[in-house]
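S.K.: Place chain L on chain C using the hints.
Heads up: the protein sequence lines correspond to chains C and L, in order. Quick note on the numbering used here: the first sequence kicks off at 4 and runs consecutively. Quick note on the numbering used here: the second sequence kicks off at 4 and runs consecutively.
One or more of the hints may lead you astray.
Claimed, not checked - Residues on chain C that point at chain L, a partial pick, calculated with CB under 7 angstroms:
1. T17
2. H18
3. E269
4. M277
5. P411
6. V414
Hints listed in this document are in silico derivations from the structure and should not be mistaken for laboratory results. Cβ atoms here follow ideal geometry from the backbone N, Cα and C, with glycine treated the same way.
2 protein chains.
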Amino acid sequence: MAKLQANPYTLTSTHDTLTPLRIARSAVSGTDAEEAAFTRWFDAQRSRFAMAVRRIELDALVGWSTVPGTGDIRHDSGKFFRIEGLEVHFPNRPVKSWQQPIINQPEVGILGLLVKEIGGVLHCLVQVKGEPGNHRGLQLCPTVQATRSNYTKVHGGASVPYLEYFRDITRHRVLADVRQSEQGAWFRQKRNRNMVIEVDGDVEVLDGFRWMTLGLIHRLLRREDLVNMDFRTVLSCLPFAGPDLGAVLPAGEDHLRAALTASCDERSGSLHAMSDILSWITEVRTRTEVSTREVPLGGLPEWHRSPEKISHRSGLFFDVIGVDVRSGGREVDAWTQPMIAPVGTGLVAFLVTRLLGVLHVLVHVRAEPGYLDVVELAPTVQCTPDNYTILPPAARPPFVDEVLGAAPEQVRFETLLSEEGGRFYHALNRYLIVEVSPGAGFEHPDFRWLTLHQLADLLRHSHYVNVQARSLVACLHSLCAGRPR
Amino acid sequence: MAKLQANPYTLTSTHDTLTPLRIARSAVSGTDAEEAAFTRWFDAQRSRFAMAVRRIELDALVGWSTVPGTGDIRHDSGKFFRIEGLEVHFPNRPVKSWQQPIINQPEVGILGLLVKEIGGVLHCLVQVKGEPGNHRGLQLCPTVQATRSNYTKVHGGASVPYLEYFRDITRHRVLADVRQSEQGAWFRQKRNRNMVIEVDGDVEVLDGFRWMTLGLIHRLLRREDLVNMDFRTVLSCLPFAGPDLGAVLPAGEDHLRAALTASCDERSGSLHAMSDILSWITEVRTRTEVSTREVPLGGLPEWHRSPEKISHRSGLFFDVIGVDVRSGGREVDAWTQPMIAPVGTGLVAFLVTRLLGVLHVLVHVRAEPGYLDVVELAPTVQCTPDNYTILPPAARPPFVDEVLGAAPEQVRFETLLSEEGGRFYHALNRYLIVEVSPGAGFEHPDFRWLTLHQLADLLRHSHYVNVQARSLVACLHSLCAGRPR
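Chain C with its partners taken away, still in its complex shape (with noise of 0.2 angstroms):
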């Protein structure tokens, strides 16, 4: 072999331990100051990004059709998404099969966000924007949230602000880029790529854009309805685990948040090696039967189509409904668009316990129709409690009962948040995190207890959380920091 040449390569640490530190410094930067005055700038905002929904018949949207033959809703250029019938068969449930309709959006969209240390401590370029789902108008969001179809200009928009970090990352950090994936019950094999990317140098702040501090935002995460979805999956991701956060995050006078500082870092412990939580997946995903297959939308036998909506004959689950948007702060000012509208409020819940002074979230393998890859982690419960009205009592899910049956000192957190605004339609869930104690009653072969580095290391890859246990993650972040409750 010929002499080894100089050799120019430097070696790097494989795992960055400081980024958690500097995002744990960020989480401890909000002050009631600092939220006073986000609420004057978002409240000045209101006027400039006002957005009129209005609900039409589905067959007055404009640029949709609905296919002769199958009835499915699609959009003339055949972008943007459809909306579809599947059939789904879980041979081994209470509920062996049923027909649904679902939205089939094949592209990967991005969901960015940009951050940058201003003063020495992590800053979040949060966007406020409206979507037409959305109950209450404006929300946070992150930095970029866009699909294919809008970075590619298929409405014929304007382009997207800050786009281009995202789109090219070389000259930048990395702190997160993974695709994950969205409602299982909603989307056929959905996904969106969720990045975060630090910058060095001057980022121009547009109108409707602020730069914001971890802890600044976990504070809002709190308020009703504020912090979008595509938000809190993003913030998700970030890599919030690793050793010595205690440095920095405050202990206080609460167990809780020092159960999980240390349940960020792995030299804690776990009440399972990671190789078992590794085996249990492998094992659900293998032994869960559940097969689907595209069916006509118009020839789904539960479901009726109206004017107005597409609903099932029960009137739960959801309607497929259209609406009628105008608006002033978004790429085209005006567009109708068919939507999902779920009947009824859901219930998403983590209960925790404390092991050993470390905090354990109970987690769920849970199968969606949806998924790529039969299941995901889920929240210990996520259900919307009026649809098992019409179920078999089996099919109602276990926990239920200690979310709803709580004491108001076991709720660490609880706050009513929405799902994707451009997508459905006043899709509210209740999110909560209950305390319990540890002990009997929560063995289950479907639910194991995770500490949250756990969940940080499933984190970093696809197709293991779910986006309603990321948007929880998120919270649970901001009881790291955040003023107890």
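M.R.: Here is chain L on its own, set in the frame of chain C:
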């Protein structure tokens, strides 16, 4: 909240650092005497497991039919696998689209290795087995290789020995348990569950099975066409990475071996941080445009069906053939089946280099039509050189010349190994590990230098490392302790 009960839980280390040391100890345990004893035993097996394989016409297959209309080939039970047509579109590649036959086998089988400490050293329960596609008859296989049809007894044969250890793992230690893809050029979304299970108690050793150390297996991996593909992929999933392996593995006078040991330890660092590797994979998965759709096998314009085979008009790539099998040591005694018979011998190679004393492997992020998630990490070179005679020059893969033109002293591993003989007929690849000097010339957007501990980290998850690269990872492990070449 109710007062905490006495806590009955104990926490464990999230990441097991003892198992890699035990694996390394097993890897240094092979002796010349053990190898000689193996050879005598193996030769004695030949007479017991005779298998006669004869090529037959496709219409002579028994229990298999050509579906009228489509020309697809399927088993009359609807189980096992089907051979269908696939149309593939890669709009941004030199070859933008093609049609080909492909095996559709949606079931997830088990490739299981039973391990046990004997005299303080981990031993693997290895099986001798013939498959109809084998070039030379018997091979060394993992303890269990069972398709789901196999272990649910669709073919009505004998039960699979030792399967019970892999069906109920709660009483055993799990060293590896992950679903991994197989050949994405020949299989549509095929995956097998790769499992390594450690048992404590007595295990009866049946005829054709034998306990062997990893050291002995690593020696045998250098023999031509002996260790089968299923065994190689399971071996690659062993957690052969951790700190302090240098205390067990002899450094010797070979710089390569010390660099391999350092490469197994994440404290050695790496050229790229793991977050950058994951971001690179996400980026390529997002930018690679690939779409596939099922088409009738009988309607592929470039493929011709004769009585003996379905072949490409060029005579290249592969044929679909039929075989008649008579066996003494299989679940059933005689059967016929279709197989894929590749044309020519493939080339599968890793370029490796020492960067500051740490071995790095040049991996290629590769798209194949059968992958579930667009791309996987592949060997530096994976191709059948003959096929490129009819393709545009731009389609010729990078780094082929570095492999084919390597000086003898650069070649650290070389042997002829075959792909799975249950589906592929005489599918031989030349597997090589070639050491190169670090330097320029290896910069390419689809290639990165990774350490072994980074590969081990990715191998705990599905969809990252393809089956050819997994074979080479097993070959690399064999260099950690085996006799120097």
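S.K.: Hint by hint, where does the structure go against what was stated? Just the numbers, ascending.
M.R.: 5 and 6
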